[in-house]
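Asker: Chain residues, written in single-letter form:
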Amino acid sequence: MGVNADIDHNIVTDARTEGLLFRGFEKMLEGRNPFDAVYFTQRICGICSTAHSIASSMALEEALGIAVSQQGRYLRDIIHGCEFLQNHIRHFYQFTVPDFIRLPEGSALFETDHHDFRLPKQKNDRIARHYFDSLQYSRSAHEMLAILGGKAPHNHGIFPGGVTAPATPEKIAGMRSLLLNIRRFVCDQMIPDAYTIADYYKEYFEIGQGYGNFLTFGCFNGYEKLGTLYVDPLESGSGRITKLDPGKITENVDSSWYTAKSETDTPYQAVLEPDRKKSGAYSWVKAPRYRGLPYEVGPLARMWLCGQYRHGISSMDRTLARVLEARKIADILLVLLENVIPGVCIQKEYEVPQSARGD
Amino acid sequence: MNHNEIFINMVQDNLNEMNDTIDRLYTTSNYCAKNRLLNRLRKNMSNLSVLIQGLRGNEGIDPLPPGTGRRFTQAELSRCNGRDGNPAYVAVNGIVYDVTNTAAWGGATHFGLTAGADVTSQFASCHAGQPILSKLKVVGKMTE
Amino acid sequence: MNRSNDSCPNLSMRLETASVLVHKAVGAVKRNRIPRRNLIWLELTGCSGNTISLLDGFHPDFKSVAAQMVNILYSNSLMAAEGEAAMERLFGAIGGDYILAAEGAVSTKDNGLYNIIGRWKGRPVTAYEAIQKFGEQAACVVAVGTCASDGGISAARPNPAECVGIQSLLDREVIKLPGCPCHPDWFLGTLAYFLLFGEPELDERQRPLMFYSTLIHDLCPRRPYFDRGIFSSKLGEKGCMFKLGCRGPVTRADCPIRKWNGRVNWPIGDGSPCIGCAMFGFPDAMEPFISYDTT
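Protein sequence lines, in the order shown, are assigned to chains D, W and X.
Anchor point for the first sequence: position 72 equals 72 in the numbering used here, and the numbering is continuous, going up by one each time.
Anchor point for the second sequence: position 70 equals 70 in the numbering used here, and the numbering is continuous, going up by one each time.
Anchor point for the third sequence: position 126 equals 126 in the numbering used here, and the numbering is continuous, going up by one each time.
Isolated chain D (complex conformation) (with noise of 0.2 Å):
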């Protein structure tokens, strides 16, 4: 990844983000058994994982028509929020803390050659001690993920039909141990870390700023019984909340390294060629569109659209809405948690037609 900008006076005037590696997944997947997407496509990313094994056991239920219960749903949202739970601690201690806490000396990992370090010795020697003790707590995120998941990263428990195996109740009590001592810890460190900075580097409420596009397809939503936990699949153009039409989405491949009949195409239309030479392309990404507009997603946007953060669109509240989403994702999956019903799990043999189509 990559990030190119044009700087005049001191003001960033243009900035082009790279993706700089291909590997070809779509074009993967062509000829494969169905059901071995659900592992196949975890690996696009170790550290999300677990979105794609549901994205795709998603798409197979719907392509099969096979119904997921609402036990397979919470077992499954559970590995899911297990997988933010443990982005979100690694994400602000291990990549966004070390721009602005000068960590402990001794290791060439932690040398940085910029100087703008502000908080106050004791600060920011606390924050650094949350940098190393943090990592039990991501990773017992993932520890939990794997009492119901089998593994992680990669885990084996998501499939058509909601999971593998049924909770049992030393897995219950496992977990919400587990949970409990990482929601403890976002609430009483990461947290307020996070507003520890934001408290010194104020300006940074002013740098990175959106235009309130936001979009989610919908985040712990939807149950029978429970309703919608976090937010629906919504979306904020043009100064409304609306529900989101995913029928509106399409690929813009201008300045991506791809060849396209036509510049526009929605995801079903075409598996790109990638083309390394194409002129004015400089990444891999493609640049996805909505109703034409470069839209926003991930914690702010999720935050945003339910009403839960509306502080303002900058880079130092994004920062902020992931901290807050992880405590409100730790709170979701108490309450799924609570609902779990031991030694329920519903899995069939399943049949694959000649041809069907899911989203």
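No lab work stands behind these hints: they were computed from the structure.
The reader is advised that the hints may include incorrect statements.
[To be verified] As a list, the in silico BS3-like pairs of lysine-lysine whose alpha-carbon atoms are at most 30 Å apart:
no.: 1; chain 1: X; residue 1: K24; chain 2: W; residue 2: K43
no.: 2; chain 1: W; residue 1: K34; chain 2: X; residue 2: K24
no.: 3; chain 1: X; residue 1: K133; chain 2: D; residue 2: K278
no.: 4; chain 1: X; residue 1: K109; chain 2: D; residue 2: K278
no.: 5; chain 1: D; residue 1: K243; chain 2: D; residue 2: K286
no.: 6; chain 1: D; residue 1: K348; chain 2: X; residue 2: K234
no.: 7; chain 1: D; residue 1: K225; chain 2: X; residue 2: K234
no.: 8; chain 1: W; residue 1: K135; chain 2: X; residue 2: K238
no.: 9; chain 1: W; residue 1: K137; chain 2: X; residue 2: K234
no.: 10; chain 1: X; residue 1: K121; chain 2: D; residue 2: K286
[Unchecked claim] Computed list of chain X residues with no C-beta within reach of chain W, every gap over 12 Å:
no.: 11; residue: T17
no.: 12; residue: E84
no.: 13; residue: M87
no.: 14; residue: W120
no.: 15; residue: R123
no.: 16; residue: F194
Values in this document were obtained by computation on a predicted structure and should not be read as measured data.
From the three backbone atoms N, C-alpha and C, an ideal C-beta is built for every residue, glycine too.
Fit chains W and X to the known structure of chain D by using the hints.
Answerer: Leaving out everything else, chains W and X in the frame of chain D:
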């Protein structure tokens, strides 16, 4: 590479490794290192005896008495692909084996090969010299 | 949770291999018996799952290794430095002593332009260039994960980015630690062993015998079901998953006893078959992962 050449290469590899081990033993005085090297010699000897066993097992001895055993055409073999109630059969060197419950053929597939096929060349390049075929159930022969 | 394997001393000792080795190595560094050597961790054409797996290590854990056992000079995900400053640190290691751990395969298409890992002095640094430059000079090269070991998913048919495992680009021998991801014990144990004793004993596929010598099938708690022909026809059932396509019989790894994420669970324990993720043919030769129509 044919079966014999593969076999010869494997024997030679083991001999080369044994020579190297013996060279090192002359100069090692450390007790643990010496034991490790002796273990390696033991391993080489075990490899060589497995190769001998394998060679004996593949020595053209017909597992079926003459005039017995079912004959398979190509089409009949390909129906035995291990799916939808059909057994999983494979042919090696003209003999047809049942791998329906052979551990290495999970899902009636093995390293990208599907049951119901002649896997003679793949077997030769991966398993020459190994006592595998003698452990499989013979169900017939391919028609000439 | 299955306890039947705890009574075999061979198996229970194996569980401690990695933590004992790391403990020894950390102690030896502390007492200056061995130097605290440099480690470069390169993320090449892969998903970085091995970095995440490393962070999930528990007895031994990442913290003790990073702070005490080795000096990590470069890790794209974990280092504080960015951009040119990070590249300076990477290229500054040339000529010195370092151990190289590489995860991810290497894209060779278009001279490696399908995977650029950074920019240095104005020109792109490809994974293809980096593995050759840093691999040849390293004191030891460890391929972490199946992609780096044998191509893995990055090289899955039709291999659009023309990926290969790192050994095919290096003349010197590479220690292979396949697994998707590589278990943190396998990496940390091998690293500690190398620091203390030099290269561990490897099998003919360059995998350390201490972690990869046994087939999953031979350690599997469901083996009695296989032996009696009691097979599951769908996921989540108690029987042997051979008919569903389990690759335990052909996969060398110690997952049944070591398990994952602090030993809490593993794929077969979770009611789904082994997909052979630690094998050289993964994924193409291990597919289909799930079959419902096997006889």
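Asker: Does each hint fit the structure? Answer for all of them.
Answerer: Comparing the hints with the structure gives:
no.	hint	result
1	X:K24 / W:K43	holds (29 Å)
2	W:K34 / X:K24	holds (23 Å)
3	X:K133 / D:K278	holds (28 Å)
4	X:K109 / D:K278	holds (15 Å)
5	D:K243 / D:K286	holds (24 Å)
6	D:K348 / X:K234	holds (6 Å)
7	D:K225 / X:K234	holds (28 Å)
8	W:K135 / X:K238	holds (28 Å)
9	W:K137 / X:K234	holds (27 Å)
10	X:K121 / D:K286	holds (28 Å)
11	T17	holds (16 Å)
12	E84	holds (44 Å)
13	M87	holds (40 Å)
14	W120	holds (40 Å)
15	R123	holds (40 Å)
16	F194	holds (16 Å)
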